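K.L.:
Please arrange chain F on chain Y, whose structure you already have, making use of the hints.
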Amino acid sequence: MTALEEVRACHAAVWHALGTVRDPELDEPLTDLGFVARCEVDGGRAAVELRLPTYFCAPNFAFLMVADAYDAVSAVPGVRSVEVRLVDHFAAEVINRGVAARAGFVASFAGEAVNELDELRATFVRKAVLAGTDRVCRALRRSGVDGERLARMTLGEVPPSQDRERLRARRRELGLPCGDGDPLLVDPETGEAVPPADAARHLGFARLTRAGQEANSGVCRDMLRVRYPHIGEQEGAR
Amino acid sequence: MYEKDGEKYFVVDGHTHFWDASPENWVEGQEEYAKGWIECFHAYQGLGPADTHWPIDRFQKYSEELMMHDLFEAGHVDVAIFQPTNLRQWYKNGFNTTEVDAALAEKHPGKFLVNTYFDPREGDAGMKAFEERVKRYGCKGVKLYTAEWLGDSRGWSLKDPEAFRYLERCEELGVKNIHVHKGPTIWPLDKDAFDMSDVDRASTSFQGLNFIVEHVGLPRIEDFCFMATQERNVYAGLAVVVGGLMHARPKFFAKVMGELMFWLGEDKLIFGADYAIWEPKWQVEGFVDWQMPADEELSDFAPLTVEQKKKILGLNAARLYDVDVPAELRLEAPKVVEPVGVPNP
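These protein sequence lines map, in sequence, to chains Y and F.
With UniProt numbering applied, the first sequence has no gaps in its numbers, which climb one by one up to 238 at the end.
With UniProt numbering applied, the second sequence has no gaps in its numbers, which climb one by one up to 345 at the end.
Since the hints were made in silico from the structure, they are not lab data.
For clarity, every value in this text was computed on a predicted model and none was experimentally measured.
In this text, a Cβ means the ideal position worked out from N, Cα and C, and glycines have one as well.
Treat the hints loosely; a few may be bogus.
Cβ-to-Cβ under 7 Å is the rule here; a few derived chain Y residues that face chain F [unchecked claim]:
id	residue
1	Leu117
2	Ala211
3	Gly212
4	Ala215
5	Asn216
Derived DEER-like restraints, expressed as beta-carbon distance ranges [as the list claims (entries may be wrong)]:
id	chain 1	residue 1	chain 2	residue 2	range
6	Y	Gly218	F	Met292	11 to 21 Å
7	Y	Ala9	F	Asp152	27 to 37 Å
8	Y	Arg152	F	Ile56	55 to 65 Å
Just chain Y, with the same shape it has in the complex (with noise of 0.2 Å):
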């Protein structure tokens, strides 16, 4: 490989690893969001800007992704050192030195913040499990699957697509059955499949979280887009 060509494949794959970074609310990676403003590699070195909907955004929320970018960057092969900033933030500094220190979001918000972020992260997970559980179930439904075998199907037995790995995949995030033979519809928070008797209603709160996960995406593209009006055109260019 050319010097040239080491350089450019050393930025797909921080690009790579900065799309394995998601909003931990929306569920879906920095890199479709738009929140990724800058990347760029140079001899080992990985500079990264991520930027948000609003001046305000949830500093919590922000302290989980720049440290999750930074971690992700972090362990790309030939990449020496990692800066991630976030940018146009009110707590863009704090934040920013937090993760660089690696001191973790309590000590970074001296006095404000409570508890660390695992709960909160893993809240958003279980979300993502239900609003996944409604991408796949109303899939089915369409193609005729009635909820009699719905309540009682395996996630083996739904035809392979995105949907189902992707809710495999959450699963497995938080320790949830998510093999072939486990049953497709599981409560969240211990795993244990969902009565077929509940099942409707279980249905009923996969749907209704997917409404909210999807309304809240929703917002933060068009805020992005108010925020930065030539969003488009920069990724074009990348």
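P.N.:
Relative to the frame of chain Y, chain F by itself:
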């Protein structure tokens, strides 16, 4: 009263304000917050139809005449409920106090119900003042702002033992309607507010009180519905739902209305225009005209009946507040309907 297609609707605006956010009322050194707050509200007004937008100077401070016109002459409102928000940390005389609301209510008998507030951080003195306000103004409800700043404190929780003491007193005094703001974060309040588990705890413990969750926890409607279906005394305050979504985001509005009807049902939805963020006229007229769209995505939801709209626009709130509804505006056979979402009715 609003009449359309031969149907008459008794309208209770469950969420109104008479505020003063003009620069003369900003606390010295806190101007940034006072200004940020009202500008954030003003931005929300932008979600209504363009011809209802106000310039910022009118929005900061409007007149009694304008309010009476917008609510009762143009806006079809029969009775309006004041929901105070003090914010004395930023506004010298308070942003929208019980006293200011009550003064206006006294000038216009029969038009307003005056709610007050309590703040458990105010201790015994606060308790005494709270009792006096309740007695003097005949309050049957409170509006609670758990994210309100006080000194170094950035908020409180309904789970706090002190808050329970106030809720016990509410039960004794007959202040039975507890409106809690759980909704969009308004800068600079509460950096990561999305948790309404405190309402969950309080509503379980105080079965004699009604908990009206204002703005239904948006943007996290699912948290609200999860909680509300477990608690029989939790209601949905529709301020922001109608004003903020019906015009600007109609598809999401349909989903939210569908979910609220599914999980809570027609007896637990309370209309509120949230004046002066939004005027009631277009909301009342728009809601009466609105119907669940015929869309595959919304196929789980039934269309709203005229009777259901009458309940939501006024009869439900009238029931909670013991408002006397003229005979011709009542439903013939009012019945409590159990929503689908409630387990083991």
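K.L.:
Run every hint past the structure and note whether it holds.
P.N.:
Okay, the hints, checked on the actual structure:
1. For the restraint placing Leu117(Y) at the interface with chain F, the shortest Cβ-Cβ distance is roughly 10 Å, beyond the 7 Å limit, so the hint is violated.
2. Hint status for Ala211(Y): holds, given a least beta-carbon distance of 5 Å to chain F, under 7 Å.
3. Hint status for Gly212(Y) relative to chain F: holds, with the closest Cβ pair at about 4 Å, below 7 Å.
4. Against a cut-off of 7 Å between C-beta atoms, the interface hint on Ala215(Y) holds, since the closest Cβ of chain F lies about 5 Å away.
5. Evaluation of the Asn216(Y) hint against chain F yields a held restraint, the C-beta minimum of about 5 Å falling below 7 Å.
6. At roughly 20 Å, the beta-carbon separation of Gly218(Y) and Met292(F) lies within the given 11 to 21 Å, and the hint holds.
7. The hinted window of 27 to 37 Å between Ala9(Y) and Asp152(F) is violated, with their beta carbons roughly 52 Å apart.
8. One distance hint, 55 to 65 Å for the beta-carbon pair Arg152(Y) and Ile56(F), holds here, with the actual separation near 59 Å.
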